[in-house]
Every structure is written in C-alpha cells, then in structure tokens.
Amino acid sequence: NLGHTEKMADINLTIMEEFILLGFSEYPNVQVYLFVTFLVIYITILLGNGLIIIITNLEAALQTPMYYFLGNFSFVEICYTSVTLPRMLVNLWSQKRNISLLSCAIQLCFFLILAAVESFLLAVMAYDRYVAICKPLYYPIIMNHKMCMKMVVGSWVSGIPVMIMQTYQVFSVPFCGSNKLNHIFCDMPPLIKLACGDISGDEFFLFVDCFLFGLIPFLMILMSYIRILGTILKLSSTTGRSKAFSTCSSHVMAVCLFYGSASIAYFQSMSSSSGSRDKIFSVFYTIVTPMINPMIYSLRNKDFIAAMKKLFSKWGG
334 NLGHTEKMAD INLTIMEEFI LLGFSEYPNV QVYLFVTFLV IYITILLGNG LIIIITNLEA
394 ALQTPMYYFL GNFSFVEICY TSVTLPRMLV NLWSQKRNIS LLSCAIQLCF FLILAAVESF
454 LLAVMAYDRY VAICKPLYYP IIMNHKMCMK MVVGSWVSGI PVMIMQTYQV FSVPFCGSNK
514 LNHIFCDMPP LIKLACGDIS GDEFFLFVDC FLFGLIPFLM ILMSYIRILG TILKLSSTTG
574 RSKAFSTCSS HVMAVCLFYG SASIAYFQSM SSSSGSRDKI FSVFYTIVTP MINPMIYSLR
634 NKDFIAAMKK LFSKWGG
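Numbering of the sequence shown is given in this note's numbering, commencing with residue 334 and proceeding in unit increments.
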C-alpha cells in the first residue's frame with residue numbers, strides 16, 4: 334500500500350509539471366471571434382494608453398503632477414494587460430492551452446505586482462486631487478517633482494517583496510488531481526482550488542494581499558474624496574464646484590471600475606460559483622477596464638483634448 338501511494342505521488346508530481354489553461358474552451362465555435370475581439374481590445378489598450386504617455390510627456394501644458402501620474406498609470410495599464418492578454422491570444426490561436434509551472438508562477442507574480450502598483454497609483458492620484466482642491470496654496474510645495482517621483486517609485490517598489498513571497502507560498506504547496514486550471518490566466522483563487530494539503534498559508538496570504546493592496550489603498554482613496562467633497566460643498570461659486578467635480582470625475586470612474594470588478598471577481602472566485610462567471614469578471618477588470626480608462630481620462634478632459642489636437646496638427650502639418 335505504501336509503495337502504491339508513493340507511486341501515485343510520483344505520477345501526480347509528473348502530471349503537475351504543467352497546467353492546462355481552459356480559458357473559454359467550453360465555447361469551441363467562437364474561438365476565432367474571441368481571438369479577433371481580444372486582439373482588437375489589446376491594440377486599443379496599447380494605442381489608447383500609449384497616446385496618453387506620449388502626450389503627457391511631449392505637451393508642455395500637461396507637465397503637471399496630475400498628468401505625470403496619469404502617464405505612469407497608463408504605462409502600468411499596458412504592462413498589466415501584457416502579462417495576460419498575449420498568452421490568451423496565443424492559446425486562442427494555437428488551441429494549445431498548456432502552461433508550465435514556472436511560466437504560471439512568473440505570470441502570477443507579475444500580475445500581482447502590477448495589480449498592487451495600479452492600486453497604489455490610484456491612491457496617489459486621489460491624494461493629488463485632495464491636495465489640489467483642499468490645499469491649493471500649498472499644492473506646488475507639497476506636490477513638487479521630487480515628491481511625485483518618490484510616490485511613483487514607492488507605488489512600484491512596495492508590493493514587490495510581498496508578491497514574490499505570495500507567489501512562492503502558492504507554488505510551495507503541491508498540486509494534485511486535475512491539472513486543468515479553469516481560468517483565463519494563472520490567478521490565485523483558481524490555483525488555490527487545485528492545491529492539495531494544507532492551504533491555510535495560501536488563504537492567509539490572499540487575505541493579507543487583499544488587505545494591504547486592496548483595502549488600504551481603497552480607504553485612502555475614500556478618505557481623500559470625503560475631504561474633497563466637504564471642500565467642494567463649501568465653495569460658494571457654482572463654476573468652482575463644477576470645475577472641481579470635473580477634475581475628479583474621471584478618477585472616480587476609474588476607481589469604481591477597477592475596484593468594483595476586481596472585488597466581484599475575487600469574491601466570485603473564492604466561492605463555489607460557476608467558472609464562466611469568474612472568467613467574465615476577470616476579463617472585465619484585467620482587459621476591459623484598461624481599454625476604457627484612456628477614453629474616460631481623454632474624452633472628459635478639455636486640456637487633454639486640446640493637447641491631443643495640437644499634437645495631431647503638428648504631425649499632420
């Protein structure tokens with residue numbers, strides 16, 4: 334019996350050299366349409382966010398902290414989607430869905446790091462709006478270029494050690510049984526479902542992840558906007574109020590899209606709900622949101638539209 338168990342363990346270890354990313358394989362008739370749709374979305378993300386990076390760097394009128402953070406945010410969006418989307422496109426095109434354990438771990442690690450960076454950057458952008466509206470006289474002193482750089486670097490660096498540890502924790506637990514990962518990429522909840530043995534460490538790290546890189550930045554954003562709202566309501570001028578609301582509205586929409594869809598996706602994944610719904614919510618916060626964000630920021634911003642027209646007229650001339 335003992336020999337048989339050891340043999341089974343060896344077989345399981347051999348099987349678990351790779352996962353099969355099921356993606357949307359339950360819809361075999363629409364694979365080509367999904368490939369075309371995701372390819373168009375990826376090109377749109379690259380063009381939309383790339384345009385924001387170019388304009389915020391080239392246009393002198395946009396050399397302010399708000400647009401500096403926006404340019405960095407767009408760069409994170411490109412990196413964030415590039416961790417998952419190209420692999421999905423290859424899988425849809427080739428119909429080969431296998432991914433090695435190492436590739437899966439690398440994808441998870443980069444995805445978690447970039448999600449943390451995005452979360453912190455959204456908090457930094459909210460703080461920037463808070464200082465601009467609630468402390469306008471001190472704004473140039475507080476939000477100087479050196480401080481802005483520190484905030485961006487801090488957003489990038491702070492999540493790296495925790496996310497590397499978290500990835501190590503997930504892959505230190507053995508996987509047994511099925512090697513079919515019912516998801517569109519290597520994410521924590523579906524990986525935890527395939528783990529065998531003691532997964533309490535994985536669940537603890539997932540809780541820490543959600544608390545440090547989800548709840549804390551969200552509470553910082555919430556506090557910033559409570560103070561912003563209090564200041565706006567005290568303004569006597571209607572024009573002043575509408576201008577203050579318009580500078581914040583794009584950011585509020587981006588926050589709602591990112592946190593709303595990510596929260597639903599993670600709560601759905603950790604429950605025993607259907608895999609199809611998990612994947613749809615994951616598509617929304619990893620792919621659709623980065624596509625919508627450039628539209629939200631550019632189309633609702635007069636300064637950005639003016640800078641875009643100026644740049645296009647230069648290129649056209």
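Keep in mind that the hints were calculated from the coordinates and are not lab data. Careful, some of the hints might be misleading.
[As the list claims (entries may be wrong)] Within a straight-line C-alpha distance of at most 20 Å, the following computed SDA-like cross-link-like pairs (lysine to any residue) qualify:
| hint | residue 1 | residue 2 |
| --- | --- | --- |
| 1 | K567 | P419 |
| 2 | K526 | N431 |
| 3 | K468 | T397 |
| 4 | K635 | G404 |
| 5 | K468 | L367 |
| 6 | K429 | C412 |
| 7 | K479 | Y463 |
| 8 | K576 | C467 |
| 9 | K483 | V464 |
| 10 | K526 | M556 |
| 11 | K642 | L380 |
| 12 | K429 | C467 |
| 13 | K483 | G404 |
| 14 | K429 | S415 |
| 15 | K643 | L380 |
| 16 | K468 | L566 |
| 17 | K576 | P469 |
| 18 | K642 | A394 |
| 19 | K576 | S358 |
| 20 | K526 | L539 |
| 21 | K483 | A465 |
| 22 | K483 | M399 |
| 23 | K526 | C509 |
| 24 | K429 | V506 |
| 25 | K635 | I559 |
| 26 | K429 | L380 |
| 27 | K429 | V486 |
| 28 | K526 | Y501 |
| 29 | K513 | S358 |
| 30 | K513 | L527 |
| 31 | K429 | A393 |
| 32 | K567 | I549 |
| 33 | K429 | P419 |
| 34 | K576 | V506 |
| 35 | K479 | L548 |
| 36 | K526 | V506 |
| 37 | K635 | E350 |
| 38 | K468 | S575 |
| 39 | K513 | Q364 |
| 40 | K567 | K635 |
Q. Does K468 pair with L367 here, judged by a C-alpha cut-off of 20 Å?
A. 48 Å, violated
Verify the proposed pairing of K513 with S358, using a straight-line Cα cut of 20 Å.
11 Å, holds
Restraint check for K643 with L380, where alpha carbons must lie at most 20 Å apart: Answer holds: K643 to L380 is near 18 Å, not above 20 Å.
message: Hinted pair, alpha-carbon criterion (20 Å max): K635, G404. Please report holds or violated.
response: 17 Å, holds
- prompt: Hey, K479 versus L548, does the alpha-carbon distance stay inside 20 Å?
  reply: Given pair K479, L548 is violated - Cα atoms ~27 Å apart, limit 20 Å.
Exercise. Given the hint that K513 pairs with L527, does the C-alpha gap stay at or below 20 Å?
Worked result: With a Cα-Cα distance of about 8 Å, the restraint between K513 and L527 holds, given a limit of 20 Å.
* Asked: Are the Cα atoms of K429 and C412 separated by 20 Å or less?
  -> Judged against 20 Å, a Cα distance of about 24 Å means the pair is violated.
Subject >> Agreement of K576 and V506 with the hint, judged by alpha carbon distance not exceeding 20 Å >> reply: 53 Å, violated
Take the C-alpha atoms of K526 and C509, compute the straight-line distance between them, and say whether it is at most 20 Å.
10 Å, holds
Handout entry: Hinted pair K479 and Y463, Cα distance within 20 Å
Key = Between K479 and Y463 the Cα gap is close to 18 Å, so the pair holds against 20 Å.
Item to complete: Verify the proposed pairing of K429 with A393, using a straight-line Cα cut of 20 Å.
Response: 47 Å, violated
message = K429 and V486 were given as a pair; does the straight-line alpha-carbon distance stay at or below 20 Å?
response = 38 Å, violated
Checked against the numbered hints given earlier, this structure breaks hints 1, 5, 6, 10, 12, 19, 24, 25, 26, 27, 31, 32, 34, 35, 37 and 40; the rest are met.
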